[in-house]
Each structure stands twice: as C-alpha cells, then as structure tokens.
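Visitor: Residue-level listing of the chains:
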Amino acid sequence: MSEETMVGAPTLSQPHAREKIQIVPLAGLPVVALAVIFVALSIGLNLRWGLMFNHVVGGGLWTGIDLFVGFVIGPILGKLSIPARAEFAARFMPKMVIIMPTVVMMTLATGFQVARQAGNLAASSPNHAWLIVSFCVVGVMAAVALGVLEPANIAVLYEMNKPVPNGERIGRLMKRFIYTAGITGVMQIATLIIMTRLGSR
Amino acid sequence: MSAADAPHSVVTGDRPMPPVAWLSSLALCLVIVGGIVLASYAPRTAPLGLVTALLCVAIALMVTAAGMLVRIKEFAWATFGVVFKWALLAYVVVSGMIEFAFVHDHTRGSSLLLVSLMLTVFALSVPTTIAFTTARFVDPT
Chain A
19 MSEETMVGAP TLSQPHAREK IQIVPLAGLP VVALAVIFVA LSIGLNLRWG LMFNHVVGGG
79 LWTGIDLFVG FVIGPILGKL SIPARAEFAA RFMPKMVIIM PTVVMMTLAT GFQVARQAGN
139 LAASSPNHAW LIVSFCVVGV MAAVALGVLE PANIAVLYEM NKPVPNGERI GRLMKRFIYT
199 AGITGVMQIA TLIIMTRLGS R
Chain B
11 MSAADAPHSV VTGDRPMPPV AWLSSLALCL VIVGGIVLAS YAPRTAPLGL VTALLCVAIA
71 LMVTAAGMLV RIKEFAWATF GVVFKWALLA YVVVSGMIEF AFVHDHTRGS SLLLVSLMLT
131 VFALSVPTTI AFTTARFVDP T
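Quick note, the sequences are listed as chains A and B, same order. Position one of the first sequence corresponds to residue 19 (my numbering), numbered consecutively onward. Position one of the second sequence corresponds to residue 11 (my numbering), numbered consecutively onward.
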C-alpha cells in the first residue's frame, strides 16, 4: 500500500504528470511505533500517568478531529470544485490513514485500564451504567469507522492513483463520509458528555 | 455495510459483486457486540452463551464471505493481496494490544478463548472489507 503513483489531476478524467503521494505515509510509521510501545508499556507496567495521558490525548484528538473534519472541513470540501476536492483528499486522506487508527488504539487500549483502576468497572460503582453506555457509543463508532469509512478511504486513494481516476466512483465512495458524519458527530458529543460526567463524579 | 455493494454500475462502470464487504462488516459488528457484553461484565464472568452464539454467527459470516470471494471470476487478486496483507499487519497489532490488555487483567479460561477468537475475527474482517472494497474497483487485467 505504500506504492507511489501520480494523483490529483486538473480534471479527474485527464491523466497528468503530478507530484507523487504515498497511500500510507511511511514517515509517520515511527511515530505510530512509538505510540504502540508507549501504550504497551503503560498497560504492562500499570503506569497511571501513561494510561491517563494516552487515554486523554488520544480521546481528545479522536473527538476533536472527528468533529472538525465532519462539521468544518467536510462542508467546506463539499463547496469546492471536484479537482480541488481531489487535490485536497489526495494529501489529506493518507495522513488520516496513519492518524486515526493510532489515536483510536491509544484511547481504547488504555481506557479500559483507566476504568479498571478507577473502580468504574465494578457493578456497584455509580459510574458503571455510564461506562456501559460509553462502550456502546465506542462500538457504534468503531463499526462505522472500520466497516464503512476506512475501506472507502483506501479505495478512494487507490482510485486516485490510477492514470484516469473514475470521478463518479470517487464521489460515491466519498458520500459515505457525508452520510456517517451525523452519526459520528452525535456519538462524539455523547462521548464528551459521558467522559466529563465520569471525570466529575 | 458497504455502500460499494450498491447497484450503481450504470454510473461507475462497476461490475456487480457478491456482498463480501457486507458479510465481513456484519461479522465485525457481531464481535464488537460480543466485546461490549464481555467488557460490561468485567471483572465478573459474562454470560458466555450469548457471546459464543455471537462469535459462531460471526465465524459463519466470515466463512461465507470467504467462499463468495474465492468464487469471483476475474478479480484483482494482486491488489486484494497487497491491501489485505498491510491491513492485516495493522489489525494484528491492534488485536494483539487488546489481547495483551485482557491477559494483563487476568482474563483466563473460556473467557480468554472467546476473546482470542473474537479478536481473530476482528483482525480478519476489517482487512477483508478494506481489501475487497479496494480490489473490486481495480481492473483484474
């Protein structure tokens, strides 16, 4: 998936010599590796600060990026010309391929440990019901992200890497992001409410 | 789950394909529900019957998806293989991290077995969906 080809034509139907991009930006992989190691060490050594850092930073970025992309970048993108959208997506989406799975992994892997250490997993905890709701919210977001958005993201990048990308196909795949923005937005706002309640009790 | 399976062949020139991405995404949803059930009961033991049933259906869906996939004539297998391989690597790492957390939290016995099998389905379903959605739009020749 790191193959390099040319993308981003003046019009999607015209093959044109342009700068090369990578579907998976290899330069970002060392940062991902560091995040994985940090998360593993935090869990394995029960590092309270490490667990909290990964959960808060990962969760904050996940929620912030989702809401910003869905409700700020998305509508702006929708008003651009198709070639401009293609140019933006060709540079933006590979970065999301690296960033989103990493922040999701940081958030979820450490979140369960934070809940366990805080005693919120116990059925007698007043926070237990909120925790279960947060599991369900995360489940919905994971299903949308992994079953709908990530396949579309990779498929769009592959399509853009073709000498003559199919604009209709790209448009149809990109509609998934529009259709699911509402679901993701509601789930992320629910996450903010649940997590701030959990943190204040 | 996959809008790519919708019949829009007139517009995009895409061939009709079996619902591989739908089935693998449904399997993913079932193991997510199973994971929520298990996590909801932690550190107590969850009702394993429900989780086992969800897992069995998820495995059946993945086997069906695999069966449909191998029967497709003129498919971009090279692209499927490349995407599947890299996605599998990524999701094996994610699954391994989750498995590590459960082992670290002293999950043992039947619960650990179910978690491991659900994570296996998870690690296979996401790459299958991604690779199929990508390869179906690539010229097999």
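Possibly wrong hints are sitting among the right ones.
As the list claims (entries may be wrong) - Straight-line C-alpha distance at most 25 Å; calculated DMTMM-like pairs for lysine to aspartate or glutamate:
1) A:180 / B:115
2) A:180 / A:105
3) A:180 / B:24
Hints listed in this document are in silico derivations from the structure and should not be mistaken for laboratory results. Values in this document were obtained by computation on a predicted structure and should not be read as measured data.
Visitor: Are the hints correct? Go through all of them and say.
Guide: Hints, verified against the model:
1. Among the hinted pairs, residue 180 of chain A with residue 115 of chain B is inconsistent with the structure: their alpha-carbon atoms are about 47 Å apart, more than 25 Å.
2. Among the hinted pairs, residue 180 of chain A with residue 105 of chain A is consistent with the structure: their alpha-carbon atoms are about 14 Å apart, no more than 25 Å.
3. As the CA atoms of residue 180 of chain A and residue 24 of chain B are separated by approximately 15 Å, the hinted pair is consistent with the 25 Å bound.
In summary, the one numbered hint that this structure violates is 1.
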